[in-house]
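**Q** Below are the chains, spelled out letter by letter.
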Amino acid sequence: MKLESKIPEGPLAEKWTNHKFNVKLVNPANKRKYDIIVVGTGLAGASAAASLAELGYNVKSFCFQDSPRRAHSIAAQGGINAAKNYQNDGDSVFRLFYDTIKGGDYRSREGNVYRLAEVSVNIIDQCVAQGVPFAREYGGLLANRSFGGAQVSRTFYARGQTGQQLLLGAYSALSRQVANGKVKLYPRHEMLDLVTIDGKAKGIVTRNLITGEIESHSAHAVVLASGGYGNVFYLSTNAMGSNATAAWRAHKKGAFMANPCYTQIHPTCIPVSGDHQSKLTLMSESLRNDGRVWVPKTKELAEKVRKGEIKPRDIDEADRDYYLERKYPAFGNLVPRDVASRNAKYVCDEGRGVNDTGKAVFLDFRDAIKRDGRDTIEGKYGNLFDMYKQITGDNPYETPMKIYPAVHYTMGGLWVDYNLMTNVPGLYATGESNFSDHGANRLGASALMQGLADGYFVIPYTIGNYLAGEKYEKTPVDHEAFKAAEKTVKDNIDKLLSIKGSKSVDHFHKELGKIMWEYCGMSRTAEGLTRAKGMVKELRDEFWKNVKVLGSNEEFNSSLEKASRVADFLELGELMIDDALHREESCGGHFREEHQTEEGEAKRNDEDFAYVAAWEFKDLDIAEELHKEELNFENVKLTQRSYK
Amino acid sequence: MKLTLKIWRQKNTNDKGAFKTYDIDGVSPDMSFLEMIDVLNEQLIEKDEDPVHFDHDCREGICGMCSMYINGEPHGPLKGVTTCQLHMRSFSDGETITIEPWRAKAFPVVKDLAVDRSAFDRVIQAGGYVSVNTGGTPDANEIPIPKSVADEAFDAATCIGCGACVAACKNASAMLFVSAKISQLSMLPQGQVEKSERAEKMVAQMDAEGFGACTNTGACSAECPKGIDLKNIARMNREYLGSKMGSSN
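These protein sequence lines are chains U and R, in that order.
full-length UniProt numbering numbers the first residue of the first sequence as 1 and each following residue consecutively.
full-length UniProt numbering numbers the first residue of the second sequence as 1 and each following residue consecutively.
Hints were generated in silico from the structure; no laboratory data involved.
Mixed in with the good hints, there may be bad ones.
Said to hold, decoys possible - The calculated BS3-like cross-link candidates involving lysine-lysine, where the alpha carbons are at most 30 Å apart (straight line), are:
{"hint": "1", "chain 1": "U", "residue 1": "K514", "chain 2": "U", "residue 2": "K304"}
{"hint": "2", "chain 1": "R", "residue 1": "K47", "chain 2": "U", "residue 2": "K545"}
{"hint": "3", "chain 1": "R", "residue 1": "K105", "chain 2": "R", "residue 2": "K147"}
{"hint": "4", "chain 1": "U", "residue 1": "K370", "chain 2": "U", "residue 2": "K359"}
{"hint": "5", "chain 1": "U", "residue 1": "K200", "chain 2": "U", "residue 2": "K487"}
{"hint": "6", "chain 1": "R", "residue 1": "K105", "chain 2": "R", "residue 2": "K79"}
{"hint": "7", "chain 1": "U", "residue 1": "K327", "chain 2": "U", "residue 2": "K297"}
{"hint": "8", "chain 1": "U", "residue 1": "K483", "chain 2": "U", "residue 2": "K389"}
{"hint": "9", "chain 1": "U", "residue 1": "K562", "chain 2": "R", "residue 2": "K11"}
{"hint": "10", "chain 1": "U", "residue 1": "K548", "chain 2": "R", "residue 2": "K11"}
{"hint": "11", "chain 1": "R", "residue 1": "K2", "chain 2": "U", "residue 2": "K389"}
{"hint": "12", "chain 1": "U", "residue 1": "K389", "chain 2": "R", "residue 2": "K244"}
{"hint": "13", "chain 1": "R", "residue 1": "K79", "chain 2": "U", "residue 2": "K548"}
{"hint": "14", "chain 1": "R", "residue 1": "K47", "chain 2": "U", "residue 2": "K503"}
{"hint": "15", "chain 1": "U", "residue 1": "K20", "chain 2": "U", "residue 2": "K471"}
{"hint": "16", "chain 1": "U", "residue 1": "K490", "chain 2": "R", "residue 2": "K105"}
{"hint": "17", "chain 1": "U", "residue 1": "K603", "chain 2": "U", "residue 2": "K345"}
{"hint": "18", "chain 1": "R", "residue 1": "K201", "chain 2": "U", "residue 2": "K184"}
{"hint": "19", "chain 1": "U", "residue 1": "K495", "chain 2": "U", "residue 2": "K471"}
{"hint": "20", "chain 1": "R", "residue 1": "K11", "chain 2": "U", "residue 2": "K487"}
{"hint": "21", "chain 1": "R", "residue 1": "K20", "chain 2": "U", "residue 2": "K500"}
{"hint": "22", "chain 1": "U", "residue 1": "K495", "chain 2": "U", "residue 2": "K510"}
{"hint": "23", "chain 1": "U", "residue 1": "K562", "chain 2": "U", "residue 2": "K510"}
{"hint": "24", "chain 1": "U", "residue 1": "K359", "chain 2": "U", "residue 2": "K389"}
{"hint": "25", "chain 1": "R", "residue 1": "K201", "chain 2": "U", "residue 2": "K562"}
{"hint": "26", "chain 1": "R", "residue 1": "K20", "chain 2": "U", "residue 2": "K503"}
{"hint": "27", "chain 1": "U", "residue 1": "K389", "chain 2": "R", "residue 2": "K147"}
{"hint": "28", "chain 1": "U", "residue 1": "K503", "chain 2": "U", "residue 2": "K297"}
{"hint": "29", "chain 1": "U", "residue 1": "K490", "chain 2": "R", "residue 2": "K11"}
{"hint": "30", "chain 1": "R", "residue 1": "K2", "chain 2": "U", "residue 2": "K503"}
{"hint": "31", "chain 1": "U", "residue 1": "K311", "chain 2": "U", "residue 2": "K370"}
{"hint": "32", "chain 1": "R", "residue 1": "K105", "chain 2": "U", "residue 2": "K184"}
{"hint": "33", "chain 1": "U", "residue 1": "K503", "chain 2": "R", "residue 2": "K79"}
{"hint": "34", "chain 1": "R", "residue 1": "K231", "chain 2": "U", "residue 2": "K503"}
{"hint": "35", "chain 1": "U", "residue 1": "K510", "chain 2": "U", "residue 2": "K359"}
Between the sequences and the hints, there should be enough to build the whole structure, so can you do that?
**A** Encoded structure:
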């Protein structure tokens, strides 16, 4: 099967405009004859559901949380990029496009990324019109700041709660369509299978998380906006419930999974404090605008810091190593996330880490407070400082923060074409659940942009192109394909409940996380990955023999929910390892130790690996088949990333 | 740390429910409150007992899903934090901690400590939005908004919809939640067009859901993890009254 990216012909800047003209339209009066399922209510899902309903389609919106407003987009702190050039500092659609392609280490599609940059300006207009209270200057106009990896100020923000405000905007638009009767909400429902008939997506099977009821939902198209799979690592900045199940089950029904090894490790998180740790908390990357990252120059001094014999503020300037500023004078503390993360790991591996576990570096605001005053810093980061203090007990106004990288985002995801449709006709993937825009590394403040771009401004146009060719009749849910999917789901649940082993679900999840973090995290080797593959396989075998899931299906059963998700993580983990193993190069978030420059930077191999790796599921324990989509670069020159 | 936990256990909405007492050992002061419950649950699973069900998701104090009533206070003893951000260093060794679900007619218990807060969603659906479709909106900088107004609207907009205000109120009133949304939108020029109608509809839905009336005790604001100000209720009353009098002033 050949993967068709369906990137429109023509000059880069005209592709999207031409495409919008060329796609088939559904007559306004006929839109009400089509039903669309949207799974997930984060930025990508809520914006899509609301916009599609406004157009006249009938939408069913699903989320596992108790309300659509809880989706994890809500936790995004820093901001959202848009090429508005309000600051007159040389920004443009092309520059945002260029930065995103370069930041992604030339592993994303030019056409998709340009479109993303192009519609970014509309997103801000849309959100302001909804009543999103972005930060403003005294003159009443919108404020911007610069953000990791960018040399212009194009990031719009709402204190450190940008994701919350954008999500509540999308949620309000969604709520308005619920009131209009165009959206039906299904909270506390989890998608457990995709239903395909003659190769086309025709609906989903869900579990009501309160009653356990297995339900079939039929539709003309299915949009997955179910987020990323960072919780494969157990500890991540994702929400506790964030999971890969919807995407993974779709994968097992034929949708290709692209670049699963591309995971983003965020450099500024609160370090792990002990075995009880259930998740990691991100400190917004915007902190790197004013905070300076450093560790003591020597191991001996670091040792004293760890033992509490010397306070960080008492360490002389000459004994501090501001290693990012030293190694990357042009970008300093604002180097992209992967570079910042890896360097934190290196200094800690050298024994210069600064907390009990030796796995932390300082992020210091002393100089910024001296320069701008405490009030200014409080205005910018007050809530983040409060949050840090609450979690750690330290006051960042008085002592440097301690930070360490943590898994934050997954660039890989379901393969989609330019229309955001997977290789399964009628099945779409938006936001973090697809792979399309960030290549091997995502720039800060670009996830919110992509989620909303996909939902507000891409899928409302492209879905019509498919639906226009579909009949109005909906497949009845007693169709054998629905019955078969229901049976698969029920059998799987029964199996989980019948094992009655001796180890909890969390035990297996934690073990998986340790393996993935150690061997498929910030730095990878062929040897480590090969070992990890065996370990994950062994763990999966043990899980299916020895997991303990109490209770029954017919009740609110959190162990059962988790077990079903962890079962999928165990399979996905193996594919991530395979993908990381096959990609014999370093690029963005994928760093193979065998492939680095003399300076220790990621060394790409454009000759052999300038492609998207899309994996096709065969059967359990049978290697997935690799399909390659070549990436063509006509508008940017591939260069070695350099932030020096 | 060693603790005694008195936890409300209720199988489902129709079950009567009762407190059950658990002893837990080896609690670290660095654990979050929910991580402490995680540890308890691992111990319960070990003993083949049903783990304690509770709502939680982001564990960074922003999704609004966690909702425990701890020692008589929503989200526990610390001001300005949600349960997930509460750490065990706020408690002392040997302490007995009582943990209940939110209690309000409009928030029926689903299981143990988890409640159904869909009433909040329905209140928002009644009018908590600006009626604009996607696309065709003016440039974001076309309407300047004074910074002070934008900041004040933002303060109201930080509500996370957790329901602590309702749980804290002796009348189980939702006025703080509803007024935060009404305030945010009525302060911004984009939301002013519909402000009267919005106030009227949202208040009507709030009443229909069975939330109580406000008697100005201020427990809601005092217990709000995001510090939503009581003056939002005054603004809501003004909008509501204005709309009932047929004028938006």
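**Q** Could you check the structure against the hints above and give me the numbers of any it violates, in ascending order?
**A** 3, 8, 12, 13, 16, 19, 25, 28, 33, 34
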